[in-house]
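Protein chains: 2
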Amino acid sequence: MSSPILSRRDLDFLLYEWLDVAALTARPRFSEHSKDTFDAVIDLGADIATKRFRPHNKKSDTNEPMMRPDGTVELIPEIKDALDAFGEAGLVAATFDEALGGLQLPTAVARASLLWFQAANAGTSAYPVLTIANANLLAEHASASQIDTYLRPMLEGRFFGTMCLSEPHAGSSLTDVTTKARPAGDGTYRVTGTKMWITGGDHELTENIVHLVLAKVPGGGPGVHGLSLFIVPKYLPDGTRNDVTLVSLNHKMGNRGATNALLNFGDGTYPVSDEAGAIGYLVGDEHRGLTYMFHMMNEVRIDVGLVATAVGYTGFLQALEYAKVRTQGRKTGEKNPSSHPVPLIEHTDVKRMLLAQKSYVEGALALGLYCSLLVDEQQTADTHEQRTRATLLLDVLTPISKSWPAQWCLEANSLAIQVHGGYGYTRDYDVEQLYRDNRLNAIHEGTHGIQGLDLLGRKVVMQEGAGLQLLVDTIGQTIARVDESRAAADTAGYAKELGAAVERLTAVTSTLWSANDVAVTLANSSIYLEAAGHVVLAWIWLEQLLATDGKDGDFYNGKRAAAQYFYHYELPKTAPQFDLLSSLDRTTVDVRPDWF
Amino acid sequence: MSSPILSRRDLDFLLYEWLDVAALTARPRFSEHSKDTFDAVIDLGADIATKRFRPHNKKSDTNEPMMRPDGTVELIPEIKDALDAFGEAGLVAATFDEALGGLQLPTAVARASLLWFQAANAGTSAYPVLTIANANLLAEHASASQIDTYLRPMLEGRFFGTMCLSEPHAGSSLTDVTTKARPAGDGTYRVTGTKMWITGGDHELTENIVHLVLAKVPGGGPGVHGLSLFIVPKYLPDGTRNDVTLVSLNHKMGNRGATNALLNFGDGTYPVSDEAGAIGYLVGDEHRGLTYMFHMMNEVRIDVGLVATAVGYTGFLQALEYAKVRTQGRKTGEKNPSSHPVPLIEHTDVKRMLLAQKSYVEGALALGLYCSLLVDEQQTADTHEQRTRATLLLDVLTPISKSWPAQWCLEANSLAIQVHGGYGYTRDYDVEQLYRDNRLNAIHEGTHGIQGLDLLGRKVVMQEGAGLQLLVDTIGQTIARVDESRAAADTAGYAKELGAAVERLTAVTSTLWSANDVAVTLANSSIYLEAAGHVVLAWIWLEQLLATDGKDGDFYNGKRAAAQYFYHYELPKTAPQFDLLSSLDRTTVDVRPDWF
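Residue numbers (this note's numbering), protein chains in the order written: chain A, 6 to 601; chain B, 6 to 601.
Some clues are possibly wrong.
[As the list claims (entries may be wrong)] Taking lysine-lysine pairs in the DSS-like style, the calculated list, with each CA pair at most 25 Å apart, reads:
| # | chain 1 | residue 1 | chain 2 | residue 2 |
| --- | --- | --- | --- | --- |
| 1 | A | Lys185 | B | Lys556 |
| 2 | A | Lys329 | A | Lys340 |
| 3 | B | Lys85 | A | Lys578 |
| 4 | A | Lys578 | B | Lys185 |
| 5 | A | Lys64 | B | Lys185 |
| 6 | B | Lys340 | A | Lys63 |
| 7 | B | Lys63 | A | Lys340 |
| 8 | A | Lys63 | A | Lys85 |
| 9 | A | Lys64 | A | Lys40 |
| 10 | B | Lys56 | B | Lys85 |
| 11 | A | Lys64 | B | Lys64 |
| 12 | A | Lys85 | A | Lys56 |
| 13 | A | Lys501 | B | Lys578 |
| 14 | B | Lys63 | B | Lys40 |
| 15 | A | Lys63 | B | Lys85 |
| 16 | A | Lys63 | A | Lys340 |
| 17 | B | Lys64 | B | Lys85 |
[Claimed, not checked] Across the chosen pairs, the derived CB separations fall in these ranges:
| # | chain 1 | residue 1 | chain 2 | residue 2 | range |
| --- | --- | --- | --- | --- | --- |
| 18 | B | Val347 | A | Asp478 | 36 to 42 Å |
| 19 | A | Pro223 | B | Val347 | 48 to 54 Å |
| 20 | A | Glu416 | B | His230 | 34 to 40 Å |
| 21 | B | Val347 | A | Gln468 | 56 to 62 Å |
[To be verified] Which bits of chain A does chain B cover? Going by a derived footprint, with three or more residues having C-beta under 8 Å, they are:
| # | stretch |
| --- | --- |
| 22 | 129–138 |
| 23 | 143–156 |
| 24 | 297–303 |
Hints listed in this document are in silico derivations from the structure and should not be mistaken for laboratory results.
We treat Cβ as the ideally placed atom computed from N, Cα and C, and that holds for glycine.
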């Protein structure tokens with residue numbers, strides 16, 4: 006395809022015209038940087054992604070990872086070449102301290118660079134994305150020697166990292182983790198158990214793999230509070246193989262380039278000592294594993310939203326390109342069958358499908374960059390209050406930033422297929438793979454339903470509702486910026502509609518929590534998540550619209566048209582959702598398994 | 006999987022408790038039949054589908070059709086075995102006249118039997134589905150000798166049929182068909198051109214393939230009115246190869262078991278006479294080809310809705326089975342982490358996903374069987390008025406019966422994946438393939454957008470709106486059957502909501518056609534299609550609900566719960582759609598290609 010992977014113009018708009026990321030250079034942490042260095046790292050990402058990641062995207066789909074008889078993993082060589090280029094460019098360490106060899110870039114800028122890789126090749130980009138999240142956890146919680154032994158090589162691109170939570174019998178239910186870690190008496194632990202769905206779980210891409218493993222130590226009590234976190238490297242510091250064994254690879258519908266593994270820890274395949282178990286190194290304190298892991302999990306959830314966005318965005322650009330060059334049929338009202346066929350993009354229904362995609366992927370991208378900037382805010386804002394505020398807002402937005410792109414950028418991919426017609430359903434084009442790749446994102450790192458429970462059951466009620474209130478206030482500040490005397494009639498109307506939707510969200514939240522039965526409160530938490538998501542995206546679109554104020558030209562007209570689409574076609578979908586929620590509907594509570 | 010392919014209990018409910026298909030045996034055409042023979046053909050379908058079609062569904066996905074160097078098609082042998090069993094059972098001829106060797110069964114019963122094959126294996130079932138539709142066209146429009154030469158062998162399962170409309174440069178735009186047919190002077194024609202997306206376009210499954218080809222004869226004038234229809238067999242009656250050449254096979258995301266071909270007609274690969282071109286035999290009169298083809302196309306559109314339904318239904322049953330046996334987590338409010346995990350189906354959000362699937366697939370099945378019964382009505386109802394009424398109602402319902410299942414039974418497949426969690430995304434389970442298979446159905450035989458244009462641009466305005474009025478009256482009769490004094494409060498409420506939705510549909514249709522710009526009228530025809538579809542399905546659910554009246558037990562409670570789900574969660578989605586439509590929204594009309 007001749008279409009670009011992403012729109013650099015849109016990134017510039019969002020980062021500089023809307024979020025004013027250049028202002029971050031005034032902060033001490035980023036004082037060595039300038040808009041030029043920000044641009045350079047985004048350009049570098051675009052360049053490497055275009056040249057090294059995109060070309061093998063289809064090939065790695067067709068030639069998925071296979072397990073060799075000797076237990077090693079066979080990957081197409083292009084994957085290692087691409088990842089070596091990524092590592093050599095120093096991009097794993099983009100946001101890390103200079104003291105660790107990092108570039109000390111803002112997260113918003115680093116993610117804007119990373120997005121190109123995710124758009125070019127979701128599978129291959131999964132390795133560094135997980136490695137970065139793993140490294141962030143270690144930077145926060147690991148000991149000095151763990152940082153030297155494991156974090157530094159990850160930042161150099163020599164090691165990759167994983168997160169090992171799920172087990173075959175317990176996908177989403179961490180309460181039921183049975184992997185055990187026994188103290189060996191020398192400060193290390195012996196880890197035994199089986200972990201499932203481990204992305205990047207095994208490969209020969211790097212010198213070592215740093216598994217972060219949730220396991221139970223004796224005396225930890227039942228449930229998630231008994232979990233501790235361990236570094237379990239594939240190779241021990243002396244170079245001997247640790248007892249971590251690849252059992253099998255999962256063969257998936259999409260996202261095939263990334264290995265996804267079932268791993269045994271301590272099954273004796275590679276015995277390391279008289280005592281059974283893989284050698285593990287405790288991170289931080291015992292029984293605090295889940296708290297640490299949430300640090301990584303929350304980051305990865307935002308990453309999932311971003312990869313869903315990137316895959317949706319690149320599909321949109323391909324559909325747009327196709328709609329401009331492919332001719333078919335005539336415009337409504339053209340009666341002369343001998344007239345020339347017109348490009349697809351002249352058909353209103355095709356424009357509808359393109360506008361829908363545009364509103365989804367550009368909205369999701371804006372939200373993802375906004376959340377990334379909140380990471381910078383929580384780390385570098387001037388005051389403690391600002392940092393706390395950023396953390397709280399990010400907490401509330403995280404389930405939405407994960408689930409909304411997973412749902413709607415998948416829909417964008419479906420519409421990209423539809424714009425291509427029958428060709429889009431064939432493997433001659435890329436859009437069918439993008440659709441398959443993106444379907445993963447509503448499942449992993451907390452399913453759609455779990456994000457709903459997180460938002461309604463935890464995030465909007467924590468700190469006595471302070472998180473929701475902060476979101477409402479933040480949206481209110483945007484609405485207040487719409488000067489009715491100056492704004493276009495449309496914009497003023499959107500601000501009113503958004504205000505009304507926010508009021509409904511607040512009211513519905515109260516109503517749901519006024520039910521005396523938590524089963525009823527949470528029964529429709531997925532619907533709540535979706536309604537809240539659309540409200541947040543309407544806010545993000547109003548923000549973008551305000552950033553176009555007084556600006557002319559096709560690009561800004563496009564933004565305004567997409568905002569109009571979102572307000573005319575999408576936000577109204579929340580009305581019946583709020584109606585359902587405020588009725589405390591019991592349909593799904595009352596239906597009995599035997600009735601199916 | 007241990008789950009059944011379809012629910013025989015649901016079919017019995019729909020056919021006998023709701024539609025009273027047994028009453029058809031009172032009609033002369035079906036007088037040789039009884040409920041027992043109806044049951045027998047459904048059981049036969051279920052048996053052959055389970056034993057011969059289902060076992061190779063995954064294998065034919067993994068081993069898709071390939072073109073050999075000699076130009077023939079390589080298929081896994083199980084496909085031919087299965088199709089031979091189908092043909093030997095006489096099922097191609099299920100609805101045809103006894104005089105043609107048919108079983109003279111009602112279409113509703115034949116389709117209920119065929120559904121098992123479509124649920125078991127969408128790819129392999131595509132061959133007979135197209136053959137039956139082709140045969141129906143020939144039975145209506147072909148000459149006596151064409152019937153003997155081509156139709157009878159198809160009914161015997163010895164020949165298969167195709168429909169050849171699209172061309173590489175013109176997928177949906179039949180105006181731009183360039184395939185030509187020149188009279189050869191001996192009553193035959195010479196056909197030259199290229200046809201694309203031909204399902205069953207080439208294979209060695211049968212002795213011959215009967216292509217029905219749209220082409221232009223000289224003097225036919227431009228546009229679709231110049232099209233004529235030809236039988237172009239792969240092999241001529243004397244056994245020599247006709248000049249029909251397989252150029253390539255399309256390699257698709259799903260639905261891989263069915264060959265989908267690019268065919269050349271008359272490119273000289275198999276020259277048949279001094280004059281270039283494949284030999285074609287005119288069906289009916291010149292220049293009436295599209296009218297004849299619509300006979301087949303309308304039937305195939307309902308078939309597409311049925312295969313979408315079948316694939317959605319079988320995925321639902323697999324998700325249901327999985328939700329019953331897989332344990333995970335605890336119910337809301339259970340605080341003891343040492344308690345046993347519960348089956349997935351105990352979780353409210355999983356019940357929501359199962360109820361959604363149930364409301365989609367059982368609703369779609371009911372609509373499909375209703376439309377099938379309309380075919381029987383148009384052919385065998387007692388009075389001319391009843392037959393005309395059935396034809397008109399079927400005309401209006403056809404775009405919905407095609408597009409609604411394609412959209413919502415795909416959503417059911419997505420939810421079936423979601424219920425399976427990560428496992429559902431792997432190829433160890435079937436649901437990911439069902440999702441890929443089903444994505445085709447919004448594309449072929451008229452895209453989703455084209456169905457919208459057909460409904461709003463043609464069907465609801467033809468005969469001065471008589472079709473829409475008939476639909477409204479028919480729904481009104483159902484509402485009138487709800488006796489408010491007797492009915493449960495829920496049912497009476499649903500009847501009122503349905504009545505209000507029908508009023509909005511009528512009003513919106515008037516408003517749209519009151520616009521003085523047809524581009525504005527049709528701008529949101531896809532949204533109109535979706536809103537009208539939900540109204541029709543709400544009606545179908547009220548019909549089913551009335552058929553449960555006074556009946557107790559899990560099955561009927563399940564029907565009532567699914568109806569409740571549809572009225573609480575689905576029908577309200579139409580309100581913002583109607584709002585958008587009645588505003589004569591211009592967003593998609595006004596957005597300019599350059600703004601993207």
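_Stated coverage of the stretch 297–303 of chain A by chain B [criterion: 3+ residues, CB within 8 Å]_ = Violated, because only 0 residues of the stretch 297–303 of chain A bring their Cβ atoms closer than 8 Å to Cβ atoms of chain B.
_Outcome, coverage of the stretch 143–156 of chain A by chain B - at least 3 residues whose beta-carbon is closer than 8 Å to one in that chain_ = violated (count 0)
_Satisfaction of hint between Lys85 of chain B and Lys63 of chain A, Cα-Cα up to 25 Å_ = Distance ~32 Å between Lys63 of chain A and Lys85 of chain B Cα, so the pair is violated.
*For the pair supplied as a hint, Lys501 of chain A and Lys578 of chain B, confirm whether the alpha-carbon distance does not exceed 25 Å.*
holds, 22 Å
_Next pair to validate is Lys329 of chain A with Lys340 of chain A; report whether the Cα-Cα distance is within 25 Å._
holds, 22 Å
*Is the hinted pair Lys56 of chain B and Lys85 of chain B satisfied, with a Cα-Cα distance of at most 25 Å?*
The hint holds at about 14 Å.
*Going straight from one Cα to the other, do Lys64 of chain A and Lys64 of chain B come out at no more than 25 Å?*
It holds: about 22 Å lies between the C-alpha atoms, which stays within 25 Å.
*Does Lys340 of chain B pair with Lys63 of chain A here, judged by a C-alpha cut-off of 25 Å?*
violated, 47 Å
*Are three or more residues of the stretch 129–138 of chain A within 8 Å, CB to CB, of chain B?*
violated (count 0)
*Given the proposed pairing of Lys63 of chain A with Lys85 of chain A, does the C-alpha separation stay at or below 25 Å?*
Between Lys63 of chain A and Lys85 of chain A the Cα gap is close to 15 Å, so the pair holds against 25 Å.
*Taking 48 to 54 Å as the hint, is the beta-carbon distance of Pro223 of chain A and Val347 of chain B inside that range?*
Roughly 27 Å apart at Cβ, these two residues miss the hinted range, so it is violated.
*CA of Lys85 of chain A to CA of Lys56 of chain A, is that 25 Å or under?*
Holds, at roughly 14 Å.
The structure shown violates the earlier hints numbered 1, 3, 4, 5, 6, 7, 9, 14, 15, 16, 19, 21, 22, 23 and 24.
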